[in-house]
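Novice: One-letter residues, chain by chain:
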Amino acid sequence: MILDSKIPDGPLAEKWTKHKFNIKLVNPANKRKYDVIVVGTGLAGASAAASLAELGYNVKAFCFQDSPRRAHSIAAQGGINAAKNYQNDGDSVFRLFYDTIKGGDYRAREANVYRLAEVSVSIIDQCVAQGVPFAREYGGLLANRSFGGAQVSRTFYARGQTGQQLLLGAYSALSRQVANGKVKLYPRTEMMDVVTVDGKARGIITRNLITGAIESHSAHAVLLCTGGYGNVFFLSTNAMGSNVTAAWRAHKKGALMANPCYTQIHPTCIPVSGDHQSKLTLMSESLRNDGRVWVPATVEIAEKLRKGQISPNDIKEEDRDYYLERKYPSFGNLVPRDVASRNAKYVCDEGRGVNETGEAVFLDFRDAIIRDGEDTIRAKYGNLFDMYQQITGDNPYKLPMMIYPAVHYTMGGLWVDYNLMTNIPGLYALGEANFSDHGANRLGASALMQGLADGYFVIPYTIGDYLAQSGYDKVGADHPEFKKSEKEVQDRVQKLLSIKGKKTVDHFHKRLGKIMWDYCGMARTAEGLTKAKAMIKDLKKEFWTDVNVLGDNEELNQSLEKAHRVADFIELGELMVDDALHRNESCGGHFREEYQTPEGEALRDDENFAYVAAWKYLGEGQEEELVKEPLVFENVKLTQRSYK
Amino acid sequence: MNLTLKIWRQKNKSDKGGFKDYKVSDVSKDMSFLEMLDVLNEQLSEKGEDPVHFDHDCREGICGMCSLYINGKPHGPLQTTTCQLHMRSFNDGETITIEPWRATAFPVMKDLVVDRSSFDRIMQAGGYVSVNTGGVPDANEIPIPKRIADEAFDAATCIGCGACVAACKNASAMLFTSAKISQLALLPQGQVERKERAERMIAQMDAEGFGACTNTGACSIECPKGISLTNIARMNREYFSAVVSSENV
Numbered sequence: 001m002i003l004d005s006k007i008p009d010g011p012l013a014e015k016w017t018k019h020k021f022n023i024k025l026v027n028p029a030n031k032r033k034y035d036v037i038v039v040g041t042g043l044a045g046a047s048a049a050a051s052l053a054e055l056g057y058n059v060k061a062f063c064f065q066d067s068p069r070r071a072h073s074i075a076a077q078g079g080i081n082a083a084k085n086y087q088n089d090g091d092s093v094f095r096l097f098y099d100t101i102k103g104g105d106y107r108a109r110e111a112n113v114y115r116l117a118e119v120s121v122s123i124i125d126q127c128v129a130q131g132v133p134f135a136r137e138y139g140g141l142l143a144n145r146s147f148g149g150a151q152v153s154r155t156f157y158a159r160g161q162t163g164q165q166l167l168l169g170a171y172s173a174l175s176r177q178v179a180n181g182k183v184k185l186y187p188r189t190e191m192m193d194v195v196t197v198d199g200k201a202r203g204i205i206t207r208n209l210i211t212g213a214i215e216s217h218s219a220h221a222v223l224l225c226t227g228g229y230g231n232v233f234f235l236s237t238n239a240m241g242s243n244v245t246a247a248w249r250a251h252k253k254g255a256l257m258a259n260p261c262y263t264q265i266h267p268t269c270i271p272v273s274g275d276h277q278s279k280l281t282l283m284s285e286s287l288r289n290d291g292r293v294w295v296p297a298t299v300e301i302a303e304k305l306r307k308g309q310i311s312p313n314d315i316k317e318e319d320r321d322y323y324l325e326r327k328y329p330s331f332g333n334l335v336p337r338d339v340a341s342r343n344a345k346y347v348c349d350e351g352r353g354v355n356e357t358g359e360a361v362f363l364d365f366r367d368a369i370i371r372d373g374e375d376t377i378r379a380k381y382g383n384l385f386d387m388y389q390q391i392t393g394d395n396p397y398k399l400p401m402m403i404y405p406a407v408h409y410t411m412g413g414l415w416v417d418y419n420l421m422t423n424i425p426g427l428y429a430l431g432e433a434n435f436s437d438h439g440a441n442r443l444g445a446s447a448l449m450q451g452l453a454d455g456y457f458v459i460p461y462t463i464g465d466y467l468a469q470s471g472y473d474k475v476g477a478d479h480p481e482f483k484k485s486e487k488e489v490q491d492r493v494q495k496l497l498s499i500k501g502k503k504t505v506d507h508f509h510k511r512l513g514k515i516m517w518d519y520c521g522m523a524r525t526a527e528g529l530t531k532a533k534a535m536i537k538d539l540k541k542e543f544w545t546d547v548n549v550l551g552d553n554e555e556l557n558q559s560l561e562k563a564h565r566v567a568d569f570i571e572l573g574e575l576m577v578d579d580a581l582h583r584n585e586s587c588g589g590h591f592r593e594e595y596q597t598p599e600g601e602a603l604r605d606d607e608n609f610a611y612v613a614a615w616k617y618l619g620e621g622q623e624e625e626l627v628k629e630p631l632v633f634e635n636v637k638l639t640q641r642s643y644k
Numbered sequence: 001m002n003l004t005l006k007i008w009r010q011k012n013k014s015d016k017g018g019f020k021d022y023k024v025s026d027v028s029k030d031m032s033f034l035e036m037l038d039v040l041n042e043q044l045s046e047k048g049e050d051p052v053h054f055d056h057d058c059r060e061g062i063c064g065m066c067s068l069y070i071n072g073k074p075h076g077p078l079q080t081t082t083c084q085l086h087m088r089s090f091n092d093g094e095t096i097t098i099e100p101w102r103a104t105a106f107p108v109m110k111d112l113v114v115d116r117s118s119f120d121r122i123m124q125a126g127g128y129v130s131v132n133t134g135g136v137p138d139a140n141e142i143p144i145p146k147r148i149a150d151e152a153f154d155a156a157t158c159i160g161c162g163a164c165v166a167a168c169k170n171a172s173a174m175l176f177t178s179a180k181i182s183q184l185a186l187l188p189q190g191q192v193e194r195k196e197r198a199e200r201m202i203a204q205m206d207a208e209g210f211g212a213c214t215n216t217g218a219c220s221i222e223c224p225k226g227i228s229l230t231n232i233a234r235m236n237r238e239y240f241s242a243v244v245s246s247e248n249v
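As you go down the protein sequences, you meet chains A and B in turn.
Numbering follows the UniProt record's numbering, in which position 480 of the first sequence is assigned residue number 480; successive positions increment by one, without gaps.
Numbering follows the UniProt record's numbering, in which position 78 of the second sequence is assigned residue number 78; successive positions increment by one, without gaps.
One should not assume that every hint holds.
Example chain A residues on the side facing chain B (calculated, C-beta under 10 Å, incomplete) [unchecked claim]:
| no. | residue |
| --- | --- |
| 1 | F134 |
| 2 | P460 |
| 3 | K495 |
| 4 | S498 |
| 5 | V505 |
| 6 | N548 |
Hints are computed from structural coordinates only; laboratory data are not their basis.
From the three backbone atoms N, C-alpha and C, an ideal C-beta is built for every residue, glycine too.
Could you build all of it, start to finish, from the sequences and the hints given here?
Specialist: In structure tokens form, the structure reads like this:
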């Protein structure tokens with residue numbers, strides 16, 4: 001199998017412009033003849049659904065939450081990048097492109113990343129026009145801040161809740177199209193399968209989460225905007241409902257899954273407090289602009305701290321190790337996420353962790369408060385500080401915050417070409433659900449940028465190219481392929497309900513999460529991964545013989561919802577382990593202990609691994625087939641990333 | 001700590017429903033309220049009893065999906081969302097009463113889960129600026145005084161959870177609706193549709209069966225995001241000036 005990424009010819013800076021001219025258009029009067037299904041209503045889904053409806057397509061938008069406004073994009077805190085260069089500090093489209101490629105450890109496509117940087121400027125204009133209240137300077141113009149992995153200030157923000165404001169902007173655009181009758185909303189509806197007819201995506205099967213009804217929906221194209229799969233680790237910063245089911249069902253129908261092992265572990269999360277923990281809470285990376293990361297210089301001091309014999313404020317300046325500033329003088333506390341996370345792990349592994357479990361480091365605002373005053377810090381991060389205090393009971397204005405890395409984002413996802421189409425014609429993947437723009441590590445404030453770029457400014461163009469060539473003819477939801485898929489979904493539901501084993505769904509999810517975190521988390525080894533693979537296989541067998549899913553299908557049944565999701569997470573977990581095991585190099589979020597530089601940095605192997613690893617499902621119980629898409633770099637020189 | 005929970009159980013929309021008592025033990029003070037319910041649900045599931053259904057998603061206090069009327073207050077004793085309420089706010093041996101939001105416009109679907117799609121329909125009636133994607137001016141061509149931007153932002157932080165409705169003796173949605181009307185009335189982008197927006201959103205709010213406002217202020221006190229009552233005053237002003245000069249006759 002050969003993957004065609006459909007990257008346009010010509011110089012990097014002209015590719016998108018040329019491509020937009022060369023692709024086919026659908027006449028405005030004909031757009032109403034096409035139906036498009038959008039699954040997920042986060043930044044990518046809501047922006048795509050609204051923009052396509054504005055163009056005249058008939059859109060059906062699905063989400064499992066009770067309202068499209070609840071999608072997990074809402075929880076993004078820090079900001080959104082754009083190469084506006086409003087700060088006159090040397091930013092440009094090329095610099096944003098370069099930072100993103102480098103930050104991704106040279107494992108993303110140049111053309112996609114350049115386009116992302118190019119359209120970033122329009123996103124800010126669009127959001128402002130919608131009434132998104134970004135932070136402003138006293139002169140009335142937009143304010144910026146800086147973020148990890150960049151040396152310019154290009155991040156636009158709305159206090160510590162930028163994702164909320166951007167999502168509500170996209171939701172408002174979506175709501176307007178619902179009112180116009182161009183979008184039909186299906187909240188509390190979960191996608192259970194993709195339906196293909198003659199090799200093309202023609203619709204989806206859904207389950208109404210209130211009534212349990214299994215239903216078919218047909219369309220000319222299907223967009224999966226269903227986010228990432230971080231919940232495979234059980235504990236992550238994802239929302240409780242975030243899941244891989246839509247993407248995984250598509251994968252089992254033939255869509256390739258690319259780079260599934262690329263997981264982002266976010267350095268600044270609130271540490272785990274006990275076994276009851278259901279999720280982890282992120283503290284925005286923007287805090288690293290003013291907070292200084294440190295641990296005690298010696299294990300002895302750290303031990304005293306853990307036993308509660310001393311308070312962090314008692315520790316003298318010379319006994320503090322600001323390890324990021326020490327090791328990376330030019331980027332300091334603003335090194336990329338993977339570097340910051342790994343270093344937190346190292347100092348804790350050395351025994352210098354600062355909380356009871358030994359798995360936490362300090363993020364200290366003392367110096368910033370002395371420098372700028374408490375009011376300034378409150379204005380910048382007030383809601384984050386309040387959130388921290390609510391969860392931990394500590395006051396971060398008086399005591400340094402305690403943080404530890406947690407799973408946050410998955411760079412891997414469904415393989416897509418330059419048009420965001422998977423290898424199944426008519427099936428697209430947008431936002432975090434695809435693999436395309438962040439390589440092996442995503443920079444802060446780039447997820448919002450990518451979600452909105454895909455939805456507002458890429459798919460409205462590229463979908464036309466496919467639809468113009470596919471014809472108007474509809475395949476009805478009564479087609480035998482739909483009936484067949486409905487039956488498969490119903491059988492699976494019945495199977496889950498009939499096992500009636502002894503263990504709860506959460507029991508399996510927690511065990512899977514532990515395997516993934518221990519062996520496929522921040523640091524991985526061939527030995528550990530091999531072990532993990534066997535453990536996951538056993539877990540899968542046990543799940544399908546001993547899980548207990550209560551209740552019936554024909555009702556609101558949260559155990560059944562979760563059982564579907566966890567069953568898919570288990571299968572995905574195995575593929576992530578395969579991917580991590582085959583990639584005999586370290587890059588970005590994928591750190592194999594066998595492959596590191598003498599300083600402990602990720603050691604890439606560009607000669608053998610400068611490719612996208614796309615996996616093809618071959619059938620139940622079979623090993624998946626690896627398909628490689630070589631990455632060609634014509635505009636950047638591959639170097640060992642250095643943030644020193 | 002050990003607790004007694006008095007929880008509203010209701011099989012579906014048409015079921016009458018009623019309270020049922022449960023005991024949970026070994027609750028840690030560091031658990032969130034929802035994690036405490038997770039523990040209960042694991043216990044129930046192991047015994048083969050139907051777990052208590054409740055809405056929740058982000059568990060970070062921002063998605064607005066969690067609800068729960070706890071001991072007579074929406075989201076419990078603190079001014080926060082239920083997912084951000086921790087068990088250190090309760091005492092050992094306490095009995096905690098947990099109910100769904102109660103409002104005609106929020107029908108109960110099961111146990112503690114309610115249908116809040118009426119909020120979506122209010123937004124669909126006018127909670128937006130009618131701009132299509134593309135063709136908009138450069139972001140810095142619309143300067144906005146910081147004070148105005150900040151005030152609009154304060155209104156825009158509403159998470160649409162419905163606590164305001166649950167807190168109100170009239171089950172009024174004035175705080176929710178006014179937050180969006182205020183945000184867009186303050187900003188230059190919202191001026192073009194300002195009058196029509198106020199008229200349409202308020203008409204939809206009434207059509208959904210939400211009650212009127214009698215200015216008790218319970219909504220704002222219970223709002224997890226501290227949305228100010230000033231927004232309701234502004235909405236009333238917007239509405240009256242829209243109606244007296246209405247072009248929709």
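Novice: Would you mind marking each hint as holding or not holding in the structure?
Specialist: Consistency of the hints with the structure:
1. F134: 8 Å, holds
2. P460: 7 Å, holds
3. K495: Cβ of K495/A sits 18 Å from chain B, so the hint is violated.
4. S498: 15 Å, violated
5. V505: 8 Å, holds
6. N548: 7 Å, holds
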